[in-house]
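There are 2 protein chains.
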Amino acid sequence: MRWTNYFIPTSKETPRDATAASHVLMLRAGLIRQLAAGVYSYLPLGYRALRKVERIVREEMERAGAIELHLPVLHPLSMWEETGRVEAMGDTLLRLRPARDGDEGDWRAQTVLGPTHEEVITEIARAYLSSYKQLPVNLYQIQTKFRGEARPKSGVLRTREFLMKDAYSFHDSLESLNQGYQAMYDAYCRIYDRCGLPYVAVEAESGPIGGDASHEFMVLTDAGEDFVALSENGDYAANLERATCLTAGSVEDETVPRTPPAASGEPPLEEVHTPGHGRVEDVCAFMGLTPAQMIKTLIYDLKALRREGGKEIEWSGWVVALVRGDHEVNEHKLLKAARAALFNELFLSFELATPRSIEKLTGAAVGFAGPQGLSERADALLIDRDVAAMRVAASGANKTDYHVKNVVPGRDFGILPNPSFKCAVVVADVRNVVDGDLSPTGSGSPIRLRKAIEVGHVFKLGTKYSDAMKATFLDPQGKPRAFIMGCYGIGLNRIMAAAIESHHDAGGILWPMSIAPFECLVLALDPRDEQVMRTATIIHDALAERGVDVLLDDRDERAGFKFKDADLIGVPLRVVVGKKSLAEGVVELSQRREERKEPIKPEDAAAEVASRVASERAAGAPGR
Amino acid sequence: MRWTNYFIPTSKETPRDATAASHVLMLRAGLIRQLAAGVYSYLPLGYRALRKVERIVREEMERAGAIELHLPVLHPLSMWEETGRVEAMGDTLLRLRPARDGDEGDWRAQTVLGPTHEEVITEIARAYLSSYKQLPVNLYQIQTKFRGEARPKSGVLRTREFLMKDAYSFHDSLESLNQGYQAMYDAYCRIYDRCGLPYVAVEAESGPIGGDASHEFMVLTDAGEDFVALSENGDYAANLERATCLTAGSVEDETVPRTPPAASGEPPLEEVHTPGHGRVEDVCAFMGLTPAQMIKTLIYDLKALRREGGKEIEWSGWVVALVRGDHEVNEHKLLKAARAALFNELFLSFELATPRSIEKLTGAAVGFAGPQGLSERADALLIDRDVAAMRVAASGANKTDYHVKNVVPGRDFGILPNPSFKCAVVVADVRNVVDGDLSPTGSGSPIRLRKAIEVGHVFKLGTKYSDAMKATFLDPQGKPRAFIMGCYGIGLNRIMAAAIESHHDAGGILWPMSIAPFECLVLALDPRDEQVMRTATIIHDALAERGVDVLLDDRDERAGFKFKDADLIGVPLRVVVGKKSLAEGVVELSQRREERKEPIKPEDAAAEVASRVASERAAGAPGR
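Note that the protein sequences, when read in sequence, are chains A and B. Residue numbers 877 to 1500, in my numbering, belong to the letters of the first sequence in order. Residue numbers 877 to 1500, in my numbering, belong to the letters of the second sequence in order.
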């Protein structure tokens, strides 16, 4: 391909509002153009790279035995109602507008844009898979998804329209699901390897998509919006929502001090006047303590349905969470603990309490709550393991502008369930891990938190969707049973952006060969010089003939300008054809990643480049 | 691929509501599944065929020098307002619903789903193409389109979500546009040839997409919803909207009798009582005439803006159309003639008149209108050429339950413009051609009307979009000029359906090799027989090794059942491996299109199949 016959609108200017390196470079190198917030056009160079990612994904899915199909974007709303996900998805689920506002009978009003395809694929399984003999099956597609992302950002990393590979597997046993899951997990590893992504697989919550086991594939980069917890020795990896660690007071995971560590021998509670010092940092500075010596008391308002005598009664209550002053509550873990503590309730909403509600419970303004006495009034007390393990602590006094010293867990507030209280008391891990926490494996290795981009996610769904949609097969005994399902997603645009985040320098992109839009750039330094252009064209044509993706920069521009563009678009191999070197009988072969230039005879250039491309391709090929 | 590892849900039953052969066969062969009205999932076999069509389209676009990119589905409404197409598209343009009804500030309320991409690509040209030196450029994509189709039907032939290849070219001169247009026209011919489609290219109106020159590519089949007019000797082809012919009274195209053919010598008008006979067939039977002896008088209500003294005044008026009783009005031609007649008006609406309006103009009930005297009251009289050429005719009497005989054009109603009337009088071609009309080329060849499926459309757009969006480039003199554009669309799903319409028999599909989901089916007749399965597997593996798309039917089913499925899914080449023939040392090679079976040694089968596939591929390859 000749540059002058192609369309590569590079730009020297750093775009406004773009901070992530991939975002800046994709705009500058002419890979993408924003059409609306979170909506991008892929320009020719960007689309070439995206198609290469797509090919790798497709090859690895085929190799893993998955079968490709293609599901529609437009879904009937009713199908999402079947699984209760219209509410669960909320504003993420985009809907069509009826032709006349208010005409809910119009087909548009009953149509949504697919943000994912569990419902549609489960309907297909229900229609066509009738016997255990047809299982397992893994069906996948590469298809555009639409989500009502509230705050699109970082270029193609978080958008409203994106390309996803989503696979869905159907099984007749957990054993088969586990095998299918492992096959997808392995395929994902190969995909990232082949795309040149430095990734980690981390344990993850399954989130709103449901189910009970999942892994996320993360690329570590400061442009990421997620955090992962990695142990230094590599024996543990989880995302922040999910990550756990040893308790500060124990070397055994999940070991919780069941008896108060020091119920006696401590001095009694002592009030300290702390006017206006509601925040942990302020009060610590004022009282001469470290945050690790404090207990943070967080109040949540819970609305729930309580089943009483066969009836459901709506009620509201308080859930109190205690974490150390140097820790943060992990709301996923907290919600899980709250559900476990109040297992008989159906949660309607669970949110940080309003100042008015906090004052009603504690009798004090925000910032002065403490655990003492709250278990007599709250509905659940959820105590982080590290709080339960404290010998003595400071906390709010439940009195505006006062704190207390000498708070002893187990003496001043219960850490064991007490049947005489209406309040459920649970000790659990309800905080985020922090840098330096110890790996839960017990290896003693410290955990480090790293920013990351999620590029894939594998889930064991179980029967969540097949139950909801009554999708069954007949087992060998002729009994109908719900499909056991897995689902597996990869964001293709994110792979491309993550590759750029991982591989760039000040001058531009350093594409991995496997997904580079072109594998070799032939740069004609003096295109007006007949011998230069003839030589460059011969090398270009010879490379194209050998199946190398080659771009010939035949633009009549200054050498410096063309070298800058070459660095920016980041083609891995480069052949520079100039008057001066030709006079010496050579052209210059170089790699984008290296300064070093090798003189090579023009007639040997194509063979050398083709052989390097072939060996890099073989390294990433599906057969290895 | 083994059938038992794949997903081909064939069915014996003819689906309800499916009439078109392609619709029935795509459902029965397990190629598609309907998700909602006009919305289909492509099952694995169907998606394989669709991807082959996609590959052919991509190869031919690349060969023609077009550059691939990928534009979003979500468009800002404002971009469609820039070109005035929100109104022009009407309910076809699908919009997102705001998260809260009535919240027009929500981004969703300002977002539409792309039914086509002229606006988005013109914005890209405006942003990046600044000089004539960058022209011409042809940018294309293969992307899903969304249209609010009111009556989806015939399976994937008319849907709300479909895959389209759309290309847009940008030029600095009409000459360059014509070259670019021709290159696309030729590429389209190659695409249809390679896909095995018997197509015709016909002249077409450009329709709401604008511009002034276009061709449609049509596949002739009774499942089509469009009509094309083809001359028997092949010298003329146009779609029905556009098709014209010689006048009945003349052998020269566009020759209109400027003087009444027989103004004298005819008896005077004579009223005939025709109670209740308002319809042409009825009154002809009653009066003993043929429809060709009648004049049909159609009244249209026009609302328009009239410019008077620099002001625009809204007014309403009548347009009267006259066609012979055996002809139908062509509303596209009529609208064009009305615009030409009333060139100073801006049309707001143009519709068949209401009974009340007809009675007001003619003084008679619907069915009894005639041309006599109407030019004194109507605003335009649009007379079909064949009416103007009549010597004498019958028509309504403008009196309920009465017709008149001896109506003489030019005597009883004006056929020449008359400055003393307020009414514009125009003689023009305002009817549909009918079977037997003569080709407008003057060759004397009769026209035949055929049903057809539109599978592609090429347009010369001119500057419609670049003007509206102020998209300009600098010409060699440094002057900004609007891009001259072309656009070129192909419906991929329709190509697939049209191929099935053209190639099937009672048993199922007869895929052209180029787009068949598999090229060869190896049918193991007795899969429980070890030697049969071993032989079938060896042949299958050898074919896969040679790059042939091969499917092995390894299902443990009756031979008849498997043969029926083989016919249904229509794989072009077949190798049948059975116990009986193996005992004779052979397997059977056959084609889906032929009854004939050739015995062949098992060890020769793969080489023979591979060589036939290779020769069919070469016939359709881009290089030929």
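Be aware that a few hints might be false.
Just so you know, same-sequence chains aren't split out, so a pair can sit in one copy or run between any two.
To be verified - For lysine-lysine, the following DSSO-like pairs were computed, each having C-alpha atoms within a straight-line distance of at most 30 Å:
hint: 1; residue 1: K888; residue 2: K1346
hint: 2; residue 1: K888; residue 2: K1009
hint: 3; residue 1: K1440; residue 2: K1298
hint: 4; residue 1: K1009; residue 2: K1236
hint: 5; residue 1: K1179; residue 2: K1456
hint: 6; residue 1: K1281; residue 2: K1473
hint: 7; residue 1: K1355; residue 2: K888
hint: 8; residue 1: K1455; residue 2: K888
No lab work stands behind these hints: they were computed from the structure.
> From the Cα coordinates, with 30 Å as the cut-off, is the pair K888 and K1346 best called within, between, both, or neither?
Replying inline: The answer is between: 25 Å across copies meets 30 Å, while 57 Å in one copy does not.
>> Within, between, both or neither: how does the pair K888, K1009 come out at a Cα-Cα threshold of 30 Å?
In response: between (60 Å within a copy, 20 Å between copies)
> Given identical chains, is K1440 near K1298, meaning Cα to Cα at most 30 Å, within a copy, between copies, both, or neither?
Replying inline: Intra 71 Å, inter 70 Å, cutoff 30 Å: neither.
> Between the shortest in-copy and the shortest cross-copy C-alpha distance, which are at most 30 Å for K1355 and K888: within, between, both, or neither?
Replying inline: between (67 Å within a copy, 25 Å between copies)
> Is the C-alpha distance from K1281 to K1473 at most 30 Å within one copy, between copies, in both cases, or in neither?
Replying inline: neither (69 Å within a copy, 96 Å between copies)
> When no copy is named, should K1009 and K1236 be tagged within, between, both, or neither for a Cα gap of at most 30 Å?
Replying inline: neither (61 Å within a copy, 74 Å between copies)
>> With identical chains, the pair K1455 and K888 could be close in the same copy or across copies; at 30 Å between alpha carbons, which is it: within, between, both, or neither?
In response: within (27 Å within a copy, 71 Å between copies)
> Are the CA atoms of K1179 and K1456 at most 30 Å apart within a copy, between copies, both, or neither?
Replying inline: neither (79 Å within a copy, 74 Å between copies)
When the structure is compared with the earlier hints, violations turn up for hints 3, 4, 5, 6 and for no others.
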